[in-house]
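Asks: Below are the chains, spelled out letter by letter.
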Amino acid sequence: MVYKMIKPNSYYDSVTLMLITEDIKKRDDVEEALVGMGTDTNKEFLKELNMMDEELEKTTPNDLLIVIKGENIDMNEIEKEVEKLLKAETEEEEGEKFYPSLESAVKRLDGANMAVISIAGEYAGFETRKALDYGLNVMLFSDNVPLETEIELKKYALEKGLLVMGPDCGTAIINGVPMAFSNVVKRGKIGIVAASGTGAQEVSSIISNLGCGISQLIGTGGRDVKKDVGGLMFLEGIKRLIEDEETEIIVLVSKPPYPDVVKKSVELLKNTDKKHVVHFVNGVVEDPTITVGYTLEDAAIKAALLCQEKPIDKNEYTYFDFLESFDFDKKVKEEASKIKEGKYIRGLYSGGTLADETMVLLSKEIGPIYSPKPLNPDYLLENINESKEHTVVDMGEDEFTVGRPHPMIDFTMRKSRLIKEYLDKETAIIMVDVVLGWGSHMDPAGEIAEAVKTARETSDRYRCVIANICGTYEDPQKYYEQKKKLEDVGVIVFPSNASAVKFAVNVWKELGR
Amino acid sequence: MSLFKEELKIVNIGLKSFYEDLKKQGANVVHVDWKPPLGGSKALKILNDFNKLTIDVEKANKEAVERIMNSQPTLVGMGIARDVVPGMKDNMVLHAGPPITWDRMCGPLKGAVIGGLIYEGKAKDEKEAIELIESGEIEFDPWHHHDGVGPMAGVATPSMPVFIIENKTYGIKAYCTMNEGLGKVLRYGANGPDVIKKLKWMEETLYPVLKEAIELKGEINLKNLIAQAVQMGDECHNRNRAATSLFIREIAPAILDTNFSNKEKKEVIEFINSNDHFFLNLSMPAAKSATLAAEGIKGSTIVTVMARNGTDFGIRLAGLPGQWFVGPAQEVEGLYFPGFTKEDANPDIGDSTITETGGFGGFAMAGAPAIVKFVGGTVQEAIETTLKMYEITDAENNTYKIPFLNFRGTPTGLNVKKVVEKGILPRINTGIAHKEPGIGQVGAGLTYPPMNIFIDALEAFVKEYLD
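Taken in sequence, the protein lines are chains A and B.
Just so it is clear: in the first sequence, position 489 is 489 by UniProt numbering, and no numbers are missing.
Just so it is clear: in the second sequence, position 284 is 284 by UniProt numbering, and no numbers are missing.
Careful: at least some of the hints might be erroneous.
One-sided and incomplete, this derived list gives chain A residues near chain B with beta-carbon spacing under 8 Å [as the list claims (entries may be wrong)]:
(1) L109
(2) A112
(3) T272
Computed list of chain A residues with no C-beta within reach of chain B, every gap over 10 Å [what the hints assert, rightly or not]:
(4) K189
(5) K263
(6) K310
(7) I419
(8) G512
Derived from the structure by calculation, the hints contain no laboratory data.
Beta carbons: idealized from backbone N, C-alpha and C, even for Gly.
Produce the complete structure using the sequences and hints provided.
Replies: Listed below in structure tokens is the structure:
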């Protein structure tokens, strides 16, 4: 039987409601549940679940819907529970004040200069426009903002001398303040312009862990460097860093930009005497005067060397050029000897760029990699939930996150997938990323460790599990505690994605299957 | 351009966790508890079109709000509706809210119409009244088409006495009948012999005494009275106790100077004194005379009328004179008199929302803590209500001030664009009428207008002014 309750004109954000839905579903008497606003998406869900009726059809995105399938459900009790959860989410602490609108917040915060916007993409453009009108720079976290809107907003921002970072921008560190998904990095001389969120996190974290610092990290969102937007903010970011006195080294991180954007970026770098490192994941820069990084890790290390005024005398660096304590070869042999069955590598990522980098590096060494978003379309995974041979998935892709929070926050999907891969006879090696920093889960290693432990208890066969911790020693999750949690369940932990991949490749080669 | 040299001051809109993380780092950040615009996607399109308007809406709104605030409503006299209300006809019955036909009228409005016809002597009972109505001889029209207002059903017939309020600043007049008190009364749809008897007493005793008293006393500045009453704990919509007391202080000496018998004078003073809502029928036309001053200002999105007839809720905009935007009247959340429940309640009814439109009433809740329980809230909620209304109004009143908010002016000048954009509906305090004719008031509470009327109004506005 389907029970329902409609609360008109009471809005809550979708992530809050998704988490509450999960909590409600855990109740024994509940078969299926949807706590959400009356949006078209939610109505579609209800139709698919056969939980729709005429009254629900008439609701608006301002109405809160509580729809439950089950037997003998006490809706009053459900309502109370939902209210309790909602209250926990929205209650202001003492002395704290929330504002009903951008207008009143700007009035209150004299000299406001930045807006972090993470509302549904449909509305984000309108709100961004208002923020720009008030003279605010914008970090636009929302995705699903129409392309034309993005172009319009960025042109308007440039007219007003303002930055629009995003849409779909998870990472930015401005004046030492990490916003949304960002790490606690040292402040220093290295400025980063990044069209890739986890790419920026990886590079900035490694730089900071090597003892150098970041002046500014300007995230632009991935679409910015493509043909239509033409790098409006990517190029503006480079110009800003060139003008900035504190920035001495400029690092560019992106998936391959549109050629014209590459050309303009290179020109800007060539016309300044500031030092630079450029890394385009799976891309190249033809100009020999440009210092390139071959991996995210390599780019970070080269930037750190430039910052410390040390020479770059190697083509490609890894952490192991600095860390002597890790006995790489011995550890490879040890792991390989424990793996009795399986011959494939399976990567389960929460960072899109990290997943991409893994695919790029693996495919060079061990052959084609299947994925829902493969490098080569021939290796498209038909069913995103079923791995095939070597497979790398970015679980932050839209197909996985519809109706759920991002896998950096909610580990449910990744945990069950990890166990599934572990139990698969074909699997030899499992790779994961563990992203620390603000915005992320406060105990990501604990979540992964729990799944590994369950998998190891369930299976009598050994699989090698490799993790990259993307984060700094100052991050709120406490780097070394996170590392220990993983090592306690036998996960091999690396301080960079490239080094984790290198280890995986070596173990796989050692297996010789 | 100097962003990198400034301290970062961040406004977070959306995920609260981002705000909390920024706060934990000691960043200077405030959080916006954001809501989508009213009606979602459709509103977004209208708002985007709105941004393309070339007319100076801000300037027009400033003028509209200034006219509302600079108005000086003054009680200048009394008269009989047929003699003084513009456009009033012998076969006409005025009512609250937007236009409505007999067949769509709710119970209490029908009850009041029947009562009005019996009072006029046009019918001797309900049956005759209905026959007369169905013959088509009676013309119905909203009070708002005649520069007046009526509480609840708001029914007024040609021989009813009315107050005449003049907006001294702009020379505009507004009208309203006298308040009948509580219990079984015409405005809640009651129409029995007691109701008619009281109306007759009001016409034959209360009216002549008051009329003469006002003539003797001279004009009474209602703006001052409302300002004082707001500082004394009234919001002059659901609570008029202070205002009614102030009114007695003003008028009592003059009543004593009239040529009526002591018995009549005493009856009049006792009647006013025993009816805490007596001043409502002065605060309403006071607000009406002020919002009338803003009507017709080209390019203004300020709301000049919010009104309900128990079936529909309607609004009008300063920049779209003569047009109604109508949606279903909503249920009222409230407290009920003993023996009554939600099942008995008629949807929201009455012109009294003109007080909110004029910049007090529910918008001044923070100044009226004594009635928060009656409308189902806490003092804190009353304060938050007023604070929220600042979000959707353009100004803080220059005369009506709230002591508790450090004498901030009440939120004034409801802006339909802000309502749509911020997804915040105006809050309305109201009485609750029984849905059947003839029973009367069953409780009081609070409600909101239907969403669609604001969206429709803004859409029509954009259409009108988009060149």
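Asks: Each hint should be assessed against the structure and marked as holding or not.
Replies: Verification of the hints:
1. Because the beta carbon of A/L109 sits about 5 Å from the nearest beta carbon in chain B, less than 8 Å, this interface hint is met.
2. With a least beta-carbon distance of about 5 Å to chain B, the hint placing A/A112 at the interface is held under the 8 Å criterion.
3. A distance limit of 8 Å between C-beta atoms decides the matter here; for A/T272 the minimum to chain B is near 16 Å, and the interface restraint is violated.
4. Distance check for A/K189 against chain B: the nearest CB is about 13 Å away, which clears 10 Å, and the non-interface claim stands.
5. At the 10 Å boundary, the C-beta of A/K263 stays outside the reach of chain B, the nearest C-beta of that chain being 25 Å off.
6. Residue-level check passed: A/K310 sits 26 Å from the nearest beta carbon of chain B, beyond 10 Å.
7. Distance check for A/I419 against chain B: the nearest CB is about 27 Å away, which clears 10 Å, and the non-interface claim stands.
8. Every beta carbon of chain B lies more than 10 Å from that of A/G512, the smallest distance being close to 46 Å; the non-interface claim holds.
Of the numbered hints listed earlier, the single one contradicted by the structure is hint 3.
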